[in-house]
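Enquirer: Sequence:
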Amino acid sequence: MKRDVYPLAHRRHVDNLHGARRYTSLDLHAGYWQLPVAKKDRDKIGFVTHKGPFRFVRVPFGLANAPGTFQGMMYAVLRGLTWQSCLVYLDDVIAFTKGSVACRLVELVAVLERLSQAWLSLKASKYLVAREKLNYLGHELSADGDVR
1 MKRDVYPLAH RRHVDNLHGA RRYTSLDLHA GYWQLPVAKK DRDKIGFVTH KGPFRFVRVP
61 FGLANAPGTF QGMMYAVLRG LTWQSCLVYL DDVIAFTKGS VACRLVELVA VLERLSQAWL
121 SLKASKYLVA REKLNYLGHE LSADGDVR
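Residues 1 to 148 in this note's numbering are what the sequence shown spells out, letter by letter.
Do not take every clue at face value.
Only pairs whose alpha carbons sit at most 20 Å apart, straight line, appear in this in silico SDA-like list of lysine to any residue [what the hints assert, rightly or not]:
{"#": "1", "residue 1": "98", "residue 2": "128"}
{"#": "2", "residue 1": "126", "residue 2": "29"}
{"#": "3", "residue 1": "44", "residue 2": "29"}
{"#": "4", "residue 1": "126", "residue 2": "56"}
{"#": "5", "residue 1": "44", "residue 2": "69"}
{"#": "6", "residue 1": "98", "residue 2": "21"}
{"#": "7", "residue 1": "126", "residue 2": "54"}
{"#": "8", "residue 1": "44", "residue 2": "32"}
{"#": "9", "residue 1": "133", "residue 2": "144"}
{"#": "10", "residue 1": "123", "residue 2": "60"}
{"#": "11", "residue 1": "98", "residue 2": "16"}
{"#": "12", "residue 1": "126", "residue 2": "142"}
{"#": "13", "residue 1": "40", "residue 2": "68"}
{"#": "14", "residue 1": "126", "residue 2": "112"}
{"#": "15", "residue 1": "126", "residue 2": "139"}
{"#": "16", "residue 1": "39", "residue 2": "56"}
{"#": "17", "residue 1": "40", "residue 2": "54"}
{"#": "18", "residue 1": "98", "residue 2": "18"}
{"#": "19", "residue 1": "123", "residue 2": "109"}
{"#": "20", "residue 1": "44", "residue 2": "67"}
{"#": "21", "residue 1": "126", "residue 2": "144"}
{"#": "22", "residue 1": "40", "residue 2": "63"}
Keep in mind the hints are simulated off the structure, nothing from the lab.
Whenever a hint applies, use it, and build me the whole structure from the sequences.
Expert: In structure tokens, the structure reads:
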């Protein structure tokens, strides 16, 4: 199996958040399980138990290629929005705005529409909407645009 080496988000990407005033944190529900395994690859990750052979039809946790493949899919889904109004780290999406309330709503709706069009579902219990302060990937984000 060829290794998928799509780059994951890096700490320096958080620099794009400087000057942001509000943050919305979104988390995909069962992230990898929303990504189908290509039919041609299902036998490669199959397994056998005393009850017979089984094959994954959705990407399981623990595969070497899963993070890179998933990150690539998320960047493709949010292409054109990433870095401008959202950042993505695997199944964690942060929407942000440096503009007015109206801009914030337009940008958040654009992110949500893209996720919906890709049939990706979110975990409602983890929504954090229009926060002035937020912890993201170990960084404390604030409404004055500081990233610590």
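Enquirer: Each hint: holds or not?
Expert: Going through the hints against the structure:
no. : hint       : in the structure
1   : 98 to 128  : holds (17 Å)
2   : 126 to 29  : holds (9 Å)
3   : 44 to 29   : violated (25 Å)
4   : 126 to 56  : violated (27 Å)
5   : 44 to 69   : holds (16 Å)
6   : 98 to 21   : holds (5 Å)
7   : 126 to 54  : violated (32 Å)
8   : 44 to 32   : holds (17 Å)
9   : 133 to 144 : holds (9 Å)
10  : 123 to 60  : holds (18 Å)
11  : 98 to 16   : holds (10 Å)
12  : 126 to 142 : holds (19 Å)
13  : 40 to 68   : holds (19 Å)
14  : 126 to 112 : holds (14 Å)
15  : 126 to 139 : holds (17 Å)
16  : 39 to 56   : holds (10 Å)
17  : 40 to 54   : holds (15 Å)
18  : 98 to 18   : holds (9 Å)
19  : 123 to 109 : holds (16 Å)
20  : 44 to 67   : holds (17 Å)
21  : 126 to 144 : violated (24 Å)
22  : 40 to 63   : holds (16 Å)
Checked against the numbered hints given earlier, the structure breaks hints 3, 4, 7 and 21 and satisfies all the rest.
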